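Please arrange chain U on chain D, whose structure you already have, making use of the hints.
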Amino acid sequence: MSVDHDDMSEVELDARPDAALDGWLADVSSAVENDLVRTNVPWDFAAMLARAHALDPSVVSAQAVAEAEQAEPVISLAQRRSQRATRDDPAFANLVEDVRAANEHDAALRTAAAAAGAVPRRVAPGFTSGRVLGLVVALAAVVVVGLGVVRGVQVLTERRNAPADAAVHQGGASSDALERAVIDDGEQESPSAPTRLVPEPIAAEAIELPTVVEPPVPIVAVRTPKKGTRPAKPAITEPAVPQPTLTERLAALDGAAHAAWKAGDLGIAEEKFEALIALAGTSRLADLAYGDLFTLARRRGDTKREVALWKRYLAAFDRGRFSDDARAGLCRKSATDKPACWRDYLADFPEGSYRAQAERDGGSAP
Amino acid sequence: MTSPSSGDVIRGPLARLIDKPPRMPRVTTQPRFPERLRTSPRSTDEGADLVEQARAGQTDAWARLYQLYFAAIFRHTRYLTGEHAAVEDLVQEVFARALVSLRDFDGRSSFSTWLHGIAVNVVRNHWRRATNTKAAHDRLRAIHEVRDAAGSGEVDRTHLARERAKIVYAVLADMPEHLREAFVLRDLEGLAPTEAAAQLGISAGNLAVRATRARQRLRAELEKLGWLAPLEESS
Chain D
1 MSVDHDDMSE VELDARPDAA LDGWLADVSS AVENDLVRTN VPWDFAAMLA
51 RAHALDPSVV SAQAVAEAEQ AEPVISLAQR RSQRATRDDP AFANLVEDVR
101 AANEHDAALR TAAAAAGAVP RRVAPGFTSG RVLGLVVALA AVVVVGLGVV
151 RGVQVLTERR NAPADAAVHQ GGASSDALER AVIDDGEQES PSAPTRLVPE
201 PIAAEAIELP TVVEPPVPIV AVRTPKKGTR PAKPAITEPA VPQPTLTERL
251 AALDGAAHAA WKAGDLGIAE EKFEALIALA GTSRLADLAY GDLFTLARRR
301 GDTKREVALW KRYLAAFDRG RFSDDARAGL CRKSATDKPA CWRDYLADFP
351 EGSYRAQAER DGGSAP
Chain U
1 MTSPSSGDVI RGPLARLIDK PPRMPRVTTQ PRFPERLRTS PRSTDEGADL
51 VEQARAGQTD AWARLYQLYF AAIFRHTRYL TGEHAAVEDL VQEVFARALV
101 SLRDFDGRSS FSTWLHGIAV NVVRNHWRRA TNTKAAHDRL RAIHEVRDAA
151 GSGEVDRTHL ARERAKIVYA VLADMPEHLR EAFVLRDLEG LAPTEAAAQL
201 GISAGNLAVR ATRARQRLRA ELEKLGWLAP LEESS
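One line per chain: the protein sequences are D and U, in this order.
Counting from 1, position 266 in the first sequence corresponds to residue 266 in my numbering; the numbering is continuous, with no gaps.
Counting from 1, position 100 in the second sequence corresponds to residue 100 in my numbering; the numbering is continuous, with no gaps.
Extracted from the complex, chain D is given alone in its bound form (with noise of 0.2 angstroms):
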């Protein structure tokens, strides 16, 4: 039976509930923030100026359109800033993830590395990932001599994990403050608590990382256990002062940095920019970072450090968010071949936001 619309205004219409409808309702506005926090978006203001000549060329002048051809890419602060992941966003659990992935990993070499005797080491940043296979297959046969260390490092871990993650996660004022400023512009605001985002906590104040700048934390040592007998507990090295999770750091970094920026200190900000790198690898916060680094440079008027900052960050993100942008950068800064960078920014980036000048500067193949 189907409803009687003339019964009642529209507007009271409006007001019944129909919670089929906005379940799809809800589907399709998720779908399209889905879809905005993954999209790169490309942007170019000289081809909007150029389209702004062509409609009106009396507004827009032709010298006008070239001087903004020839400026550098531009990186969007806002833009790109927005387009960072909220805690209640996906995106934000993978960020979160790439981040912990690299800690779980290198935590589980160094209880590796512990269980065998080993003395641990720091992992210098020229880590390789023909390294990391041959440890992690080193960590398989440690594994499966001494499942009984590792389940007494994991009653360590979730013993020692509790209340920081918790403090993390479930709401403690300060951390949740912190981590905000690392993943919020301050515009939108869940009034919701928040929510675990990841699923198994890692302890991430009880390891060290892979590209840490900061003094080292205490390593936990492992004892193996008796046979038949349940696992000792773990011999540990206790810091004197709780140590900050990684995401704490992060956070601090990053509002640090951000801090800095807003009180015009922009070497600070690099500094701290910098620092955040190291420390956060080659996930997607290392990667916003490099964005910020990069409008930084561009205030600051430093086109060799903006030339260097693309090249390191090519290194290491070569399909980036920015990667297209820090491409014609370097193009446009080429001094050798320009044409030819084109052409392989071209082949590179098809699709490229810079393709128009690829096209028109690329030349032809010799």
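Quick caveat, the hints were computed from the structure, so don't treat them as lab data.
Since we're looking at a predicted model, the values are computed, not measured.
In this text, a Cβ means the ideal position worked out from N, Cα and C, and glycines have one as well.
Among the clues, some could well be false.
Computed spacing ranges between beta-carbons, pair by pair [as the list claims (entries may be wrong)]:
hint	chain 1	residue 1	chain 2	residue 2	range
1	D	R305	U	Q58	23 to 33 angstroms
2	D	L55	U	D106	14 to 24 angstroms
3	U	N121	D	K333	34 to 44 angstroms
4	U	P193	D	V37	47 to 57 angstroms
5	U	G205	D	I268	48 to 58 angstroms
6	U	A204	D	D348	46 to 56 angstroms
7	D	P350	U	G107	42 to 52 angstroms
8	D	T336	U	H178	14 to 24 angstroms
9	U	P193	D	R319	56 to 66 angstroms
10	U	Q58	D	A54	16 to 26 angstroms
11	U	E83	D	S58	32 to 42 angstroms
12	D	D56	U	H178	26 to 36 angstroms
13	D	A335	U	T158	41 to 51 angstroms
Chain U in isolation, oriented as in the chain D frame:
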């Protein structure tokens, strides 16, 4: 009755889910849309100054406005079109048209509202170029084909949401644009009634009527196609 009357409408792997709306997992019903999905264009002092400077011909000021509003206009346009492919060009068109029309901006509304209104006009033109009834029907048919080709197995929420979005936008494409835009701004993008009305240049009451009519039509179409049960049975 919830079951579709036509066997050729509901087939394929989604049929099991679509066939029985009451069993579908609900995303959210109260409030209708999460607050985070709502946009809140703001007019700041900085924005007002920049507009004045841009009107005076300062390209730098326009560049800054472009920076400030690009994301919001991209989002707005994405919601209105329901597709990703054309958005980039449409957004550039919005800013280009706004720049050449800047002298007409009289400040009666905020710059943000004015700019979003231009976006609505640009999207209208896009609709008129790109949309006709046949195309809308073709899209709906294509969605059925996608469903049929998707194979069996559990459909995850993300996929289901995407499929539903396609269906809703396909139905909207067959709707008069004045109803469609009111509905998208109000019910999908979640703008406040006054803001949505200002962008469309109509009263809030008129907006409510248009959005409600669109909603009725959408529901009727989804019922007709077998994706929603009649209201009494689904609520």
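Structure-based check of all given hints:
Between R305 of chain D and Q58 of chain U, the C-beta spacing of about 27 angstroms keeps the proposed range 23 to 33 angstroms intact. Range check, L55 of chain D to D106 of chain U: Cβ separation about 20 angstroms, and the 14 to 24 angstroms hint holds. The hinted range of 34 to 44 angstroms is satisfied by N121 of chain U and K333 of chain D, whose Cβ atoms lie roughly 39 angstroms apart. The hinted range of 47 to 57 angstroms is not satisfied by P193 of chain U and V37 of chain D, whose Cβ atoms lie roughly 26 angstroms apart.
Under the hint 48 to 58 angstroms, the C-beta atoms of G205 of chain U and I268 of chain D, about 53 angstroms apart, fit the expected range. For A204 of chain U paired with D348 of chain D, a C-beta distance near 49 angstroms keeps the hint of 46 to 56 angstroms intact. One distance hint, 42 to 52 angstroms for the beta-carbon pair P350 of chain D and G107 of chain U, holds here, with the actual separation near 43 angstroms. The supplied range of 14 to 24 angstroms is broken by T336 of chain D and H178 of chain U, whose beta-carbon atoms lie about 57 angstroms from each other.
Checked against the given bound of 56 to 66 angstroms, the beta carbons of P193 of chain U and R319 of chain D, roughly 42 angstroms apart, lie outside it. About 21 angstroms separates the C-beta atoms of Q58 of chain U and A54 of chain D, a value consistent with the hinted range of 16 to 26 angstroms. Remark: the range hint 32 to 42 angstroms for E83 of chain U to S58 of chain D is upheld by a beta-carbon distance near 34 angstroms. For D56 of chain D and H178 of chain U, the Cβ-Cβ distance of about 28 angstroms falls inside the hinted range of 26 to 36 angstroms, so the restraint holds.
In this structure the hint that A335 of chain D and T158 of chain U lie 41 to 51 angstroms apart at CB holds, the actual value being about 46 angstroms.
Checked against the numbered hints above, the structure violates hints 4, 8, 9; every other hint is satisfied.
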